[in-house]
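Chemist: Residues per chain, in single letters:
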Amino acid sequence: MRLFHGYTVAMPHRWNRPGELNVLVILALVTYAGMGLLGWAQASPPEGTADGLMIWAWSTAFFLLGFLITMTAVLGGAAGGVLFTPFMLAFTPVDSLIIRATGMILALFAGLISSGSLMRAGLANLRLTLYGAAGYGLGALAGARGAVWVHRHMGATGEGMVRLSLGLILVYLIGRMLLQRGKAEWPEVSHVDRFTRFLALRQPYFEPSLGRLMDRPVTRAGAFFPAILVVGLISGFFGMGAGWAIVSAQNFIMGVPLKVAAANSVSIFGMGGSLAVWPYVHEGAVLPLFVAPWLSGAILGGLVAARLLVRVRAAVVRYLLLALMVFSAYGLLTRAAAMFGWLPEPSGFLTILVLTATFAVFFRLMIRAHRTRDPTAENRS
Amino acid sequence: MTDYSPSSPPIPAEQRVYGRVIYGLAYLSCLLCLLGPALAVSFPERNVLPPTHMFETVLSGGSVADVWAKSGGFPGAHFYRTAGFSGDALTQFGLAFIGGTASAWGLLAASFYFVRRRAWGYALLALGIVGLVWLSALP
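Here the protein sequences come in this chain order: D and F. Residue 139 in my numbering is what sits at position 139 of the first sequence, and the numbering runs on without skipping anything. Residue 73 in my numbering is what sits at position 73 of the second sequence, and the numbering runs on without skipping anything.
Each hint should be verified, as a subset may be incorrect.
[To be verified] Chain F is faced by these chain D residues, among others (derived, beta-carbon under 8 Å):
#1 Ile105
#2 Leu108
#3 Met271
#4 Gly284
#5 Val286
#6 Gly341
#7 Trp342
[Claimed, not checked] Here are some chain D residues pointing at chain F (derived, C-beta under 8 Å):
#8 Asn22
#9 Leu24
#10 Met119
#11 Arg127
#12 Ala133
#13 Gly175
#14 Ile253
#15 Ser274
#16 Leu275
#17 Trp278
#18 Leu287
#19 Leu289
#20 Val291
#21 Leu295
[To be verified] Take a look, some chain F residues computed to stay more than 10 Å from chain D by CB distance:
#22 Arg46
#23 Gly72
#24 Arg81
#25 Thr82
#26 Gly84
#27 Phe85
#28 Trp120
#29 Val133
FYI, nobody ran anything at the bench for these hints, they're computed from the structure. C-beta: ideal position from N, C-alpha, C; glycine also.
Bound-form chain F, shown alone (with noise of 0.2 Å):
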């Protein structure tokens, strides 16, 4: 016997609260990636990797050591905490900081969902996905 209409299928809380939640942080990562290319070509003087240098060394095939030259090296995967308002900072942030972490965080809250469900195993696997994504993003 089923609860639900034919056309309507039930979907688990856990799943809608993860599908909302990654969802609105990877449109927030869009919108960053939008505005922070625009940001950098509007104050060129302002990004850590000036995009005029970083376009020229990529596109003539220079590697990732070539292209951070300018820069005095690579400054570390979260280098947006010590940039200031740049537009590489800003599309870094969110690239890496909300993009990257963006499962991490509808994760943490589908695991609320499989606890009160009871779903232990779930919930632990769940928790142990987000614990690995966050010590990957460990400097």
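Chain D on its own, in the form it takes in the complex (with noise of 0.2 Å):
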């Protein structure tokens, strides 16, 4: 319905139809049986390459574990890319660019989907996405384009190097959100400088766990640039989303709430990713055929996963957003320790145990956090 010039009402329960996600559905289905049926009845190959059916086989649980990995990165205001190159790199033989490139274009597409959705519904703000996605873009360019250099010119020395910084950082901000509890869902902002107001960010949005409209101020918008460019600059040379950054960003520096955080941080992959993604394009590291499988079952999830974004509670998001956090920074400074010789490269048994442990401590937490009223929700009524 049109109010006025520009602006129509929200309509919060109809911004994915539902038979466009049932015919993705159902054409994945059809198509990777019909490929299974394909390499099963084709005749053996010759000695060296892969069979059809193996072929179909990895597809297949590239696929599930692409559904998977995006549904729960997206949902911890992240995109799939910040789960995927860890893992990868960790099981995995496959060369670092390949896996850098894929999880970029994973990060990409689970931005892209997602936040086609969250622009729609009005919980991400273009705005502050356009302003984010100007730094996030052009540090991601770099980044990448360094990355492809390092691939070429350097050893693991300089990798190590900034693998064990980023980890760090997660410290860090982990840490200052498990300080910060009441303050991080909804922070307070006291003061708006005259930058912020100039750039008219505010943008009110419906918050349906509390089902009624927020609309809170955002303050510090020039601190905020040079931070998201250091995060893009990160995010593009390891092909990683870095949703665990971005919403941080936002939710410190800028005031804005956890959820919404969430929701600009995959609009702003989905933007500052595409220009973060061409370096490795260029370079052949997008394989198509092996990105393909990741990416459809990475867009499924994204799109399962932007419809329960709007409906889960903040705290839930804050507790999934953490556990993604404790383990990425496991990730980075494991690898970063093994680089410089100064531990033996984790097992895959410890990863999975650290993971298990992690997920388990912050699961009780989410199912805690979902069952608690809101504080907030009582203030407000």
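Using the hints, put the two chains back together into the complex; each one sits in its own frame.
Modeler: Structure below.
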């Protein structure tokens, strides 16, 4: 319904028609079943090449993993790359540039498909996304070019240094989020500076978990820009979404409510990632038939997550995000330590143990947060 | 004073248009990424990079150069222009051209609404990002 120039009434329950998702699911099932039958029926290939059935098995496994990884990541305000890249680097012999290129594609598409829904629902903020994507995109483009350069010219030392510093930044952010429990979900903004007011970033949104309209001010947009530039640089270099950092930067620096920050962060990937992905594409590191199953699964996962994100409680998102951050920090620090020879490479078993323990702890906290009534709801009723 | 009800916040037109365009293009790209591999397995001889060789090399830790060696080297990011109707070319078209430039098309549409609203700064910022994306996509 048109209200005044340029604005219409939001329709929160209609941003994704169920038919679109159903078409994708049915097409995915038909395609992968057909590929399986084809692979099974094909004659044995020449020696030294993979057979059709093996290709189908890998493609299907990649598709399912892509779905699970992206759904979890988007709910935490990140894109699939933040989980995909460490996982693939830890458990597979696949070349690191191919992994990072695929991770960047996953982050980009998870951002595109999710932000499409979140923009239309009004949870994401296009002006803030544009402003953030300008910094993130430039940083990520430089980072991706740097990754290609490092891959060609440098050894493991440079990557180790960056991973170590990234891991330490993550640990710092985790500590801040844990210490500022009450403030992180709904940060209080007492003063809005002139530059932020000039940018006119404030935009109301409907919060379904509270059943009311939220209209919160934001501040310190000037300080946010260099922060997201650095985040983009790291994100582009590693080929992983940096939702944990973008959400935190918006939340801590600008005072953006956590769920809006999560929605903005996937939108920033969708926009800024379009710049970062091209150095990998031009290098030939984006292998279409390797990326496709990951991507199809990731897009379906992103669609499901975007539907859940506007309904899920802010505290639940926060704990999921914290779990992702803890696991990413573990991966980065152990990998850096191994690169410098301080510690042996962590075994796959230890990594799975850390992952399970992390998510078990935070899953329990999520359940507790889901059962507890949101204090902000009481304050506003 | 608000012109909208508490349960229905206003959503700027440029935001809705941007959301629609990128969602549609990403969805189309996803459809191509489902059809491309099926086509590649159905007609393996038509692919620029044979899928059997690609999976074998990638999963055994081969480098980017090793993977493309079978095709005589990487033919360039936009190889779908000359590769004809093959599975990997169709997938690359969906991934690189449609997906990689989706936000640029969305921002182009959004910039029109920014101009209508006389939000000149945001219109320029949007067009600047569009230009950067297209420059990055150039071979």
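Chemist: If a hint holds in the structure, say so; if it doesn't, say that too.
Modeler: Outcome of the hint check:
For Ile105(D), the suggested interface contact is upheld, since its CB lies about 7 Å from the closest CB of chain F, less than 8 Å. A cut of 8 Å between beta carbons decides the hint on Leu108(D): the least distance to chain F is about 7 Å, and the hint holds. Among the interface hints, the one on Met271(D) holds; its C-beta lies about 5 Å from the nearest C-beta in chain F, closer than the 8 Å criterion. With 8 Å as the threshold, the beta carbon of Gly284(D) comes within range of chain F, its nearest partner Cβ sitting at about 3 Å, so the hint holds.
At a threshold of 8 Å, the smallest CB-CB gap from Val286(D) to chain F is about 6 Å, leaving the interface hint in force. Violation of the interface hint for Gly341(D) is found here, the shortest Cβ-Cβ separation to chain F being roughly 22 Å, above the 8 Å cut-off. Because the beta carbon of Trp342(D) sits about 25 Å from the nearest beta carbon in chain F, more than 8 Å, this interface hint is broken. Among the interface hints, the one on Asn22(D) is violated; its C-beta lies about 13 Å from the nearest C-beta in chain F, farther than the 8 Å criterion.
At a threshold of 8 Å, the smallest CB-CB gap from Leu24(D) to chain F is about 6 Å, leaving the interface hint in force. Below 8 Å, beta-carbon pairs count as interface contacts, and Met119(D) has one with chain F at about 3 Å; its hint therefore holds. The restraint placing Arg127(D) at the interface with chain F holds, with a minimum CB-CB distance near 6 Å, inside the 8 Å limit. Interface restraint check: Ala133(D) against chain F, minimum CB-CB distance 6 Å, threshold 8 Å, status holds.
Look at Gly175(D): its Cβ only gets to about 34 Å from chain F, farther than 8 Å, so that hint breaks. Using the Cβ-Cβ criterion of 8 Å, the hint placing Ile253(D) at the interface with chain F is not satisfied: the shortest such distance is roughly 20 Å. Hint status for Ser274(D) relative to chain F: holds, with the closest Cβ pair at about 4 Å, below 8 Å. Proximity of Leu275(D) to chain F holds as hinted, the smallest CB-CB distance being about 5 Å (cut-off 8 Å).
Among the interface hints, the one on Trp278(D) holds; its C-beta lies about 4 Å from the nearest C-beta in chain F, closer than the 8 Å criterion. A hinted interface residue such as Leu287(D) counts as satisfied when its beta carbon comes closer than 8 Å to some beta carbon of chain F; here the least separation is about 6 Å, so the hint holds. For Leu289(D), the shortest C-beta to C-beta distance to chain F is roughly 5 Å, which falls under 8 Å, so the interface hint holds. Contact between Val291(D) and chain F, as hinted, is supported at the beta carbon level, the nearest pair being about 6 Å apart and thus within 8 Å.
For Leu295(D), the suggested interface contact is upheld, since its CB lies about 5 Å from the closest CB of chain F, less than 8 Å. Distance check for Arg46(F) against chain D: the nearest CB is about 12 Å away, which clears 10 Å, and the non-interface claim stands. At the 10 Å boundary, the C-beta of Gly72(F) stays outside the reach of chain D, the nearest C-beta of that chain being 12 Å off. Annotated as non-interface, Arg81(F) keeps its C-beta farther than 10 Å from every C-beta of chain D; the closest such distance is 14 Å.
A cut-off of 10 Å between C-beta atoms confirms that Thr82(F) is not in contact with chain D; the least separation is 15 Å. Against the 10 Å criterion, Gly84(F) stays outside the reach of chain D, whose nearest CB is about 14 Å from its own CB. The beta carbon of Phe85(F) sits about 14 Å from the closest Cβ of chain D, which is more than 10 Å, so the claim that it is off the interface holds. With a least CB separation of 12 Å from chain D, Trp120(F) remains clear of the 10 Å interface cut-off, as annotated.
The beta carbon of Val133(F) sits about 5 Å from the closest Cβ of chain D, which is not more than 10 Å, so the claim that it is off the interface is violated.
In summary, the numbered hints that this structure violates are 6, 7, 8, 13, 14, 29.
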